[in-house]
Amino acid sequence: MEIVFFLSAAVKAGTCLLYATLGEIISEKVGHLNLGVEGMMQIGAVIGFIAGFTSGNPYIAVLCAALAGAAGAMIYGFLTVSLKSNQVVTGLALTIFGIGFAAFFGKAFVGKKVPEAITIFFQPVKLPFLGDIPFIGNIFFNQSVYVYFSYFLVIMVYIYLYKTKWGLNTRMIGENPVAADASGIPVDRYKYFNIAICGALCGLGGAFLSLVYISIFPVNVVGGRGWIAVALVIFAMWNPGKAMLGAYFFGAMDIASFWLQTYNFPVSIYFFNALPYLATVFVLVFTSMRKHKNKKEPAWLGKNYFKEDR
Amino acid sequence: MIHVIKKDVPKTRDKILIRVAAVVAALLVSSIIVIFADANPINLYIGIIQGCFGNLHRFAATIQIMVPLLVLSLGVMVAFKMRFWNIGAEGQFLMGAIGASLVVRIFPNLPLPMMILTMAVFSFLFGAMWLLIPAFFKAKYGTNETLFTLMMNYIALTIVTALQYDFWKDPGAKGMPKIANFPANALLPSMSGFNLSIVFAIILVILACFFINYSKIGFEITVLGESENTARYLGINVTKTIIIAALISGGLCGLVGMFQTAGISGALSVGITGGLGFTAIIVAWLSGLKVPFIVLNSFVFAVLLQGGSYIQTAFQIPGSVAEMIQAIILFFILESEFALHYRFVSDKETREVA
Numbered sequence: 001m002e003i004v005f006f007l008s009a010a011v012k013a014g015t016c017l018l019y020a021t022l023g024e025i026i027s028e029k030v031g032h033l034n035l036g037v038e039g040m041m042q043i044g045a046v047i048g049f050i051a052g053f054t055s056g057n058p059y060i061a062v063l064c065a066a067l068a069g070a071a072g073a074m075i076y077g078f079l080t081v082s083l084k085s086n087q088v089v090t091g092l093a094l095t096i097f098g099i100g101f102a103a104f105f106g107k108a109f110v111g112k113k114v115p116e117a118i119t120i121f122f123q124p125v126k127l128p129f130l131g132d133i134p135f136i137g138n139i140f141f142n143q144s145v146y147v148y149f150s151y152f153l154v155i156m157v158y159i160y161l162y163k164t165k166w167g168l169n170t171r172m173i174g175e176n177p178v179a180a181d182a183s184g185i186p187v188d189r190y191k192y193f194n195i196a197i198c199g200a201l202c203g204l205g206g207a208f209l210s211l212v213y214i215s216i217f218p219v220n221v222v223g224g225r226g227w228i229a230v231a232l233v234i235f236a237m238w239n240p241g242k243a244m245l246g247a248y249f250f251g252a253m254d255i256a257s258f259w260l261q262t263y264n265f266p267v268s269i270y271f272f273n274a275l276p277y278l279a280t281v282f283v284l285v286f287t288s289m290r291k292h293k294n295k296k297e298p299a300w301l302g303k304n305y306f307k308e309d310r
Numbered sequence: 001m002i003h004v005i006k007k008d009v010p011k012t013r014d015k016i017l018i019r020v021a022a023v024v025a026a027l028l029v030s031s032i033i034v035i036f037a038d039a040n041p042i043n044l045y046i047g048i049i050q051g052c053f054g055n056l057h058r059f060a061a062t063i064q065i066m067v068p069l070l071v072l073s074l075g076v077m078v079a080f081k082m083r084f085w086n087i088g089a090e091g092q093f094l095m096g097a098i099g100a101s102l103v104v105r106i107f108p109n110l111p112l113p114m115m116i117l118t119m120a121v122f123s124f125l126f127g128a129m130w131l132l133i134p135a136f137f138k139a140k141y142g143t144n145e146t147l148f149t150l151m152m153n154y155i156a157l158t159i160v161t162a163l164q165y166d167f168w169k170d171p172g173a174k175g176m177p178k179i180a181n182f183p184a185n186a187l188l189p190s191m192s193g194f195n196l197s198i199v200f201a202i203i204l205v206i207l208a209c210f211f212i213n214y215s216k217i218g219f220e221i222t223v224l225g226e227s228e229n230t231a232r233y234l235g236i237n238v239t240k241t242i243i244i245a246a247l248i249s250g251g252l253c254g255l256v257g258m259f260q261t262a263g264i265s266g267a268l269s270v271g272i273t274g275g276l277g278f279t280a281i282i283v284a285w286l287s288g289l290k291v292p293f294i295v296l297n298s299f300v301f302a303v304l305l306q307g308g309s310y311i312q313t314a315f316q317i318p319g320s321v322a323e324m325i326q327a328i329i330l331f332f333i334l335e336s337e338f339a340l341h342y343r344f345v346s347d348k349e350t351r352e353v354a
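As given, the protein sequences belong to chains A and B, one line each in that order. Residues 1 to 310 (this note's numbering) make up the first sequence, in order. Residues 1 to 354 (this note's numbering) make up the second sequence, in order.
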């Protein structure tokens, strides 16, 4: 039974990563490497907590977190899409901003508890039928509604990217904005839309931490998970389904170190902390070594598109 | 409709004016945020200035932040010149610090000059090695170096964590997870807060100027950054150039690990970088990868960082304010880049020109 307990905790730990990773996939698919994930998660976490703490309403808390994340992303979007500034530098600046923002506005709330109404709202709920499946039911279907929404999002992001015209256009812009522009796709509008969605999802990922994962607001709630999400996008090879598996795998690594200590496991716990990054490096090297184009990063990832240069 | 077109090369006067305007605008926006937090922005800015120049001790602290930032930016600049996006300065910094600590552990009794020299060599090699791995895969398979170097930062961080909490934990620290301090013969000599790393930095600035502008390899790096095809046409060995540039870039960042352990903290620890590796990327980029501007901008950022930590202790204002101001200034300067190189025209104007 203990393995079920462990895996269910892994799903919970991976959920914040899953939100942010889905967001970053959408952004990278349109060719924008946004290294501000950590910053947007920080902004979402702190705004989500403040909104939840003052209103006591879970819907308002989540909505504010998503909007705040999207607002942060729009700074990045405005600078990189309209003003063509370097994506790496702008993303790093957004991360610095987000960390500063969260530390500044969150300071008054450190040590405060999540309101009871919200805690109850996000309590694990066992789903009928699905929750009764042996083993799997207890791992996946005895979770918070916030976790269930992430399952739904994985499907939505998959449909958006691969089954709709908008997704097709998005992927085309990421691969070749020149051709996309020539065929009449409004490139900048798509970029803004995708970047804003990325910000909203990162904001939701951050708010998951501050509203569900912890019960007392700490000094630095995100604590570098944004960078793991950036790694996870590569690990998942820009695929929403694999992002889900990867998120739970990385989530498991996150809590493995605590669990294995109690069993006196012979491997150093620090190995588990490095594993997400090591695994990502292997995936990165491995994908670049083979020629499958659809399993690589989008061709224009990190490059800005300037119409007049065509 | 409004269009965006490229401008001619901007005049120096315009450049300065637009930059100053950007900083002023950024400070105005920051003031609004500060007022929100019930603080007086004017006092805050005065506090930042006082924290950096108030007395010799504080000024020394500013310079000692500037030095690592400057050398890291120089290192990053070498790679960026080649359009090799080394965002792993943070990791190379940590590896360099490990290199320096390793020297202290293996040869604890070297005399001071020998010790400094050996530490410098080791920290350089460790930093270089850390960038060599992504550079090798970039040269051989075209592996995306931005993402690779980013991951290497966190692998380096876990190595340092493992050393601090486990393998190199000081048994004399009463259970505190810390690595033993360097002995006196491994600390950079200092005078009223200014230490030897400043001399290193001055030499490195001169070398970097020479290297980029007058050396053959510097030329090859610049050409390769402009166009890989041109480089191949000129008979430049692309793989070799990438590897050499990576060694220099990573090595310089690694060297900072020695400055910081032997000069400031006196021991290796996880918090040693203070995010300077990331700030350096921004400094190098905003300076247009030009050495004189890197010197200037690393000073400006050092002022903000030192001022930020000062107002935290002096006014009880969270130091995160300085971080936010720093980011807002960045946003505005990035916007000013646009104002320098592009301008808006309406359809009507375009037709008139045509």
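Keep in mind that the hints were calculated from the coordinates and are not lab data. For glycine and all other residues, C-beta sits at the position ideal for the given N, C-alpha and C. Keep in mind that the hints are not guaranteed to be accurate.
Said to hold, decoys possible - As a list, the in silico BS3-like pairs of lysine-lysine whose alpha-carbon atoms are at most 27 Å apart:
1) K178(B) / K303(A)
2) K242(A) / K126(A)
3) K15(B) / K307(A)
4) K7(B) / K84(A)
5) K307(A) / K6(B)
6) K296(A) / K307(A)
Claimed, not checked - Non-contacting residues of chain B with respect to chain A, defined by C-beta distances greater than 12 Å in every case (computed):
7) V20
8) N109
9) G172
10) I202
11) L207
12) N229
13) P292
14) T313
Outcome of the hint check:
Of the supplied pair hints, the one linking K178(B) and K303(A) is violated, its CA atoms being roughly 42 Å apart against a limit of 27 Å. About 25 Å separates the Cα atoms of K242(A) and K126(A), which keeps this hinted pair within 27 Å; it holds. Between K15(B) and K307(A), the direct Cα distance comes to roughly 24 Å. Compliance with the 27 Å bound is thereby established for this hinted pair. Restraint check for K7(B) and K84(A): satisfied, since their Cα atoms lie roughly 14 Å apart, inside the 27 Å limit.
Between K307(A) and K6(B) the alpha-carbon distance is near 11 Å, which keeps this suggested pair within the 27 Å criterion. For the given pair, K296(A) sits about 25 Å from K307(A) by alpha-carbon distance, which is consistent with the 27 Å threshold. With a minimum CB-CB distance of about 19 Å to chain A, V20(B) clears the 12 Å threshold, and the non-interface call stands. The non-interface label for N109(B) is consistent with chain A: the shortest C-beta to C-beta separation is roughly 30 Å, beyond 12 Å.
With a least CB separation of 22 Å from chain A, G172(B) remains clear of the 12 Å interface cut-off, as annotated. No Cβ of chain A approaches the Cβ of I202(B) within 12 Å, the least distance being about 27 Å, so the stated non-interface status holds. Residue-level check passed: L207(B) sits 25 Å from the nearest beta carbon of chain A, beyond 12 Å. The Cβ of N229(B) sits about 17 Å from the closest Cβ of chain A, beyond the 12 Å cut-off, so the non-interface label holds.
The Cβ of P292(B) lies farther than 12 Å from every Cβ of chain A, with a closest approach of about 20 Å, so its non-interface assignment holds. No Cβ of chain A comes within 12 Å of the Cβ of T313(B); the nearest lies about 15 Å off, and the non-interface call holds.
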